[in-house]
Amino acid sequence: MATSQWWASESFWRKTAIWVTGGSFIALILLTMDTIPQISTGSKRVPAYSVINYRISYKFDETRHVQVPVIGAKEPLFGKELNEEEAEALVKLGKLTTQSKNCMNCHTLLGNGAYYAPDLTKSWLDQYWGTKEVREVQMLEFIKDPSDKVHNSMGRRMPKLEITDEEARGVVAFLKWMSSIDTNGFPYNFKSIEQEN
Amino acid sequence: MATLGMLDSANLNGGQKLAVKYFTVAIVLFGAQILFGLLSGLQYLYPDFLYGVLDFSVNRMVHINALVVWLLYGFLGSVYWLLEEESQHEVVGLKLGNLIYWVLTAAVTVVVLVYLFVQIGPGKESSIWLINEGREYIEAPRWADIGIVVSVLVVFFNVAATFSKGRYTGIAGVLVLDMLALFGIYLAGMFYTTNISIDQYWWWWVIHLWVEATWEVMVACIMAYGLMKVLGVSRKIVETWLYIEVALMFGSGILGLGHHYFWIGTPEYWFSIGGFFSALEPIPLVAMVVHAVFDAGARHAKNNNHPAMAWLIAHAFGNFFGAGVWGFMHTLPQINLYTHGTQWSASHGHLAFFGAYATIIIAMFYLGIQRWRGGTWMSGDLPGNGWKWKWALGLLNLGMVGMTVAMLVSGYVQSQIERAIEGSTWMGYFAAQIHPWFVQGMWWREVFGVMFLVGFVLLVWDLLTIGKGESRKMIEVSNAA
Amino acid sequence: MIEPASLGNFFTIFFTSAMVIMLGALYALLFAFSRLKGDKRLMPLAYLSYAGLLISTLFLADAANLLKHPFWTVIVAFMLVGYLLAPHAIWHLCVGTHAAEHVEVEPIKNY
Ligand code: HEM
Ligand code: HEM
Ligand SMILES: [Fe+2]
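Protein chains in written order, with the numbering used here: chain S, 1 to 197; chain W, 1 to 481; chain C, 1 to 111.
Calculated from the structure, these hints are not laboratory results.
Just so you know, not all the hints are guaranteed correct.
If you only want the chain S side, here are some residues facing chain W, beta carbon under 7 Å, derived [to be verified]:
{"hint": "1", "residue": "K44"}
{"hint": "2", "residue": "V46"}
{"hint": "3", "residue": "P47"}
{"hint": "4", "residue": "N184"}
Just so you know, even glycine gets a beta-carbon here, dropped at the ideal spot from N, CA and C.
My request is simple: use the sequences and hints to build the entire structure.
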């Protein structure tokens, strides 16, 4: 048999490979163009940085069957209301600090990173911080020097990462802002700190 | 003149001389990867070990960066290895290629030294430019990113130009376009943004579109070349299959990216896209396994390099299990909600990276050493019955499977206790970490890690000695290249 | 869009999804072997693997709440059909691409 089937021929598969690759890539570009605006800062899913002026909670949604972030009453971070630029500057300092201190190589953020330490997606809402009155101070103290704060029977501790007071405030702002992102219910069944007055 | 049984660079063509340099650094970094993996694994068991000196974050960063870099070195080496044979032409800018090799290697050394001795910086953009970027796998500081991009562009032009001057085969066409995509995608990870959702959106472009698309096609090219060399399969067949694999891999893998867009803030339609294309992703891997068996069966597995052939088979199966089976087990959003970011992910990550990529680069090491020694015999009847390569193969694979299963047990407990019951709180996290099963898993991971290390030592020893003083030429396989 | 799995079903999900892929490969391999060796006795085993795959998929679908939503139900149906036909397609491709092998008496040496 000298002629092989067209569907088993090299040229057919070369063309198919090109078309499939091109098609998938174009589809991905289109999806990206649709997604990026939906996750840009200030969108419904990813709130503006000034959201740190408000109470953020994580509540069960009857229609979506998972918990979703809810933005509530005014509750400025560190008791000081910030305008949009100031809020962005603070969160940016925090994000830069998390990158330059390499947080992601112990923790996960939005579930991505390393598994040596707890997920930080909703850490702003963690019951670990005690009450909502002491939370901010607790967080600042912890971030600046966790080395003497062991909270598990294994003795696993976070190292002291030379984080300044201002950087620590940035990190807390970043964590508060991150907890307001709509992550489709991740983490599931999360048990929040008590925030109602 | 070719000298049999001795390490003599006269046995290599120009591109291959450069290739073995890349391979050498790759092996050294592979060793470093294992060392730092063992250190991080040990810190799970003894948290005070090296605390404040080399923290877990540092060890882990070196571990996974060494991994990425040694595999990339393996790819660059493999490309230079096959370049002259494939194109029937000398590498056009070999001097430049050598220079780039030294520049890259110097840059990698500086980056690692900074990781180890500077470790962290203040919360400023300058830290990201000079120390580390703090984004998993692509932590390399920005200056190094730019250096890497420039270097690989030079490699790219070198390769493309060589093929253009010589023979432009089907493998060449796929390889050149794939290199362009592979390097191009890296750019998606090279900018700073405060918005973590957008940050992770592009970060996954780099990670996923590397390992599940462009790297898969890269190794498919290497596999095509390897099958022609080791088994003597005809070019027409391997190239047709290369196109089939490209179509299936890219067709499922590019949009398979959706399985990372479930929980980072992205809209819900990614559930459907991720679910659908992830279900397709194992198909090319199954096709590859069947075709490999078909090919081997068709020529009664007669081959001229037993270790390389064994590692190529390990690649086909490792890719299938690590990526196909382990990937599919946690990919549906209904379950990924609980396994996302647990030891589950680590279990899959280890088996997939090792099975799909480490294996085939090791096969290339064996092809390399065979030629370097003048094309010696590497079939049956090796001195000592080839115990070194066989034990290395066994220990490395068993060690990896052991580690993977250990992490799977830990991940299973973690997904239940931390994720489903406690809801990922700080308390929940530690409740899982102290569970006896979890702890056992971490111990066994370390034990099998040591086994893996022993396998690695044997592998290096074997590579240094196999074919030494051998007087038989390798078997000729029919070849229509 | 999705209904998260419940705790009691985790094991079923991990187990059955692994089985789906492994039985899929086993089916494809047995199918290819049976044809390659001309051994008809292997064929029932191949389809037995597929039957196992089918059962695993249904258990998976139930455990992961896939049948509670039309989109995921379609995915399940699609997987069942796709994994049934893929080994046939792969086999035909193996044979089809190798058909040319015997034709290629003289290797292309045009350099
Ligand atoms: C050779 C190919 C592959 C490699 C090297 C690979 C590697 C990895 C690695 C290292 C991670 C963890 C990323 C992190 O650090 O967060 C990961 C995550 C993941 N992979 Fe793969 N993978 C491959 C193929 C696949 C395939 C074929 C599938 C699906 C069928 C898959 C599904 C997933 C999923 C769903 C995650 C996310 C886990 C999570 O949510 O934490 N992978 N992969
Ligand atoms: C002695 C052997 C090894 C040991 C003890 C080891 C240990 C570790 C540890 C402790 C982590 C950190 C996981 C965490 O964040 O909790 C890790 C991550 C990782 N290792 Fe290894 N490793 C070894 C070998 C390897 C090999 C051979 C590969 C690949 C070829 C590999 C690929 C990875 C990857 C991809 C990650 C990131 C996983 C993720 O984020 O999901 N490791 N390893
Ligand atoms: Fe992926």
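Here is how each hint holds up against the structure:
1. Using the Cβ-Cβ criterion of 7 Å, the hint placing K44 of chain S at the interface with chain W is not satisfied: the shortest such distance is roughly 10 Å.
2. The criterion of a C-beta within 7 Å of any C-beta in chain W is met by V46 of chain S, whose closest approach is roughly 5 Å, and the hint holds.
3. With its C-beta approaching chain W no nearer than about 10 Å, P47 of chain S sits outside the 7 Å limit, and its interface hint is violated.
4. With its C-beta approaching chain W no nearer than about 6 Å, N184 of chain S sits inside the 7 Å limit, and its interface hint holds.
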